[in-house]
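Peer 1: Residues per chain, in single letters:
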Amino acid sequence: MVAYHNLYLALAVVLFTIGAIGAITRRNAIVVFMCIEIMLGAVNLAFITFSRANQSVEGIFMVMFIMAVAAAEAAVGLAIFVLMYRKRGTINVESLNLMKW
Amino acid sequence: MELIILLLCGGLTIIASLLVIFTRNTVHSALWMVTSFFFMAVLYLLLRAEFIAILQIIVYAGAIMMFVIYAIMMLNLRQEEQGPVRKTKVVGVVLLLVLFLELMVVGVGRGLLAIKGPVTDQLMAKFGHVAVLSNFLFSDYVLPFELASILLTAGVVGAVVLAKQKSE
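Line by line, the protein sequences give chains A and B. Its first residue numbered 1, the first sequence is counted upward by one per residue in my numbering. Its first residue numbered 1001, the second sequence is counted upward by one per residue in my numbering.
Isolated chain B, as found in the complex (with noise of 0.2 angstroms):
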């Protein structure tokens, strides 16, 4: 049953992905790059990561396409890319193709170690995985966590100020 919802989303995955790059219409892109954060959703829930999953949707799908297709909307993007094809970029395909059989053969090919750490299924289905999680980002990591709140204002007060017309 497994195999065949991973089978299926990540089909659709790798279809949606493709249509994000080969479509010329950029909002007909950003449309079908939401269609794939949520099948790699699905893949997530697969892997029993429910908040990853859930984030995913709010974070990826919510929160950064509606940026980019407000971007997308201020923009004037009617006219079309053209030109020659450079041959940089070819040369730049045929290397990640050998990065791909790279990656392939030596990433998925030897399999993963078989490590065994202390989050079980079991304390996962006892406490939950939300409680499990909250566990360890409000002891262990709550400096990357408090981290990346400054970071994420930063961001927002650096976009504004970028963004903003000059009054003169």
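The shape of chain A in the complex, shown without the other chains (with noise of 0.2 angstroms):
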């Protein structure tokens, strides 16, 4: 039986500089937010990759722990978006600049 690892790691790559790509050129912070699920569920499948070619369980747990951080990060990120909008009246990353030096 072969084996497609490779190409699932590559697929992994692919998506993860998708999503970088679009966490850095878009200005909607929740499009940026969605980039950033992106690049963690391409972390995700190269993890699954890892666990099912070494035959280990360590892989599909460290996935489990990134969602329930996602899931933690979602609720607290949009919040802030929307508390950032209520305050601004813009949710524009470029527009938030008041810590730049």
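Check the hints yourself; a few may be wrong.
[To be verified] Which residues of chain B face chain A? A partial, calculated answer using Cβ under 8 angstroms:
id : residue
1  : Val-1034
2  : Leu-1096
3  : Phe-1100
4  : Leu-1103
5  : Gly-1111
6  : Gly-1117
7  : Gly-1128
8  : Val-1130
9  : Ala-1131
10 : Tyr-1141
11 : Ala-1163
No lab work stands behind these hints: they were computed from the structure. This structure is a prediction, so every number in the text was calculated from the model and none was measured. Think of the CB as a built atom: it goes at the ideal place given N, C-alpha and C, for glycine as much as any other residue.
Mind assembling these two chains? They're in different frames, but the hints should get you there.
Peer 2: As structure tokens, then:
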């Protein structure tokens, strides 16, 4: 039986790059957030591939904890966006430059 | 057979992810994201990680994207993003493409180590994926598991405190 682990890894790399490019080029904070989720998904795919290739469960548990952290991050992040919108009237990430030196 | 499904779903995942980035409408972006998560769940099934595939659909495509769509509905994002493209972004994209090539050559090109651990396909077929996972989860990984529940509680409380309207 042939295993296509390298193909899965290549797919993960492609998805990670797509997510990273989106995260630095888009200006809408919610789209940036979704691009970060794409990057997390790509890392999850790589972890599952390693787990399958090495016949271990460590990768699967990493993915489960990444999912838990992503859920907490989504709750807090979107609350911050709502707050940001209420205060500034926009969630354009380029207009949030208060802490820029 | 696996190769056909892998190429099909992998290609569709890439297309859906590209559409997330390039669609101007935020709601359409979110819906393409759900599509992308579903195809990724199929890839997890191909890798024999059934439990993770179900979690992917419930947690990502269900819970997290519901959060996102609620947030989009609560905010008025009608105004178009505009303005000139900054030079730093062009530099960033070029650097990311370099990173992509590096990962492809060093990470993917060299292949995987042939380590064979204890969790074989026969074990999975005998006890089932979830039973094997839960044996590990509630013995070796019980502390991270409990910590994850504390993290989620703290996250939800933090979200409510942040988004709550000040009543004066």
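Peer 1: State for each hint whether it applies.
Peer 2: Quick rundown of the hints versus the structure:
no. : hint     : result
1   : Val-1034 : violated, 10 angstroms
2   : Leu-1096 : holds, 5 angstroms
3   : Phe-1100 : holds, 4 angstroms
4   : Leu-1103 : holds, 5 angstroms
5   : Gly-1111 : holds, 6 angstroms
6   : Gly-1117 : holds, 4 angstroms
7   : Gly-1128 : violated, 13 angstroms
8   : Val-1130 : violated, 11 angstroms
9   : Ala-1131 : violated, 12 angstroms
10  : Tyr-1141 : holds, 5 angstroms
11  : Ala-1163 : holds, 4 angstroms
Violated hints, listed in ascending order, are 1, 7, 8 and 9; each of the other numbered hints is respected by the structure.
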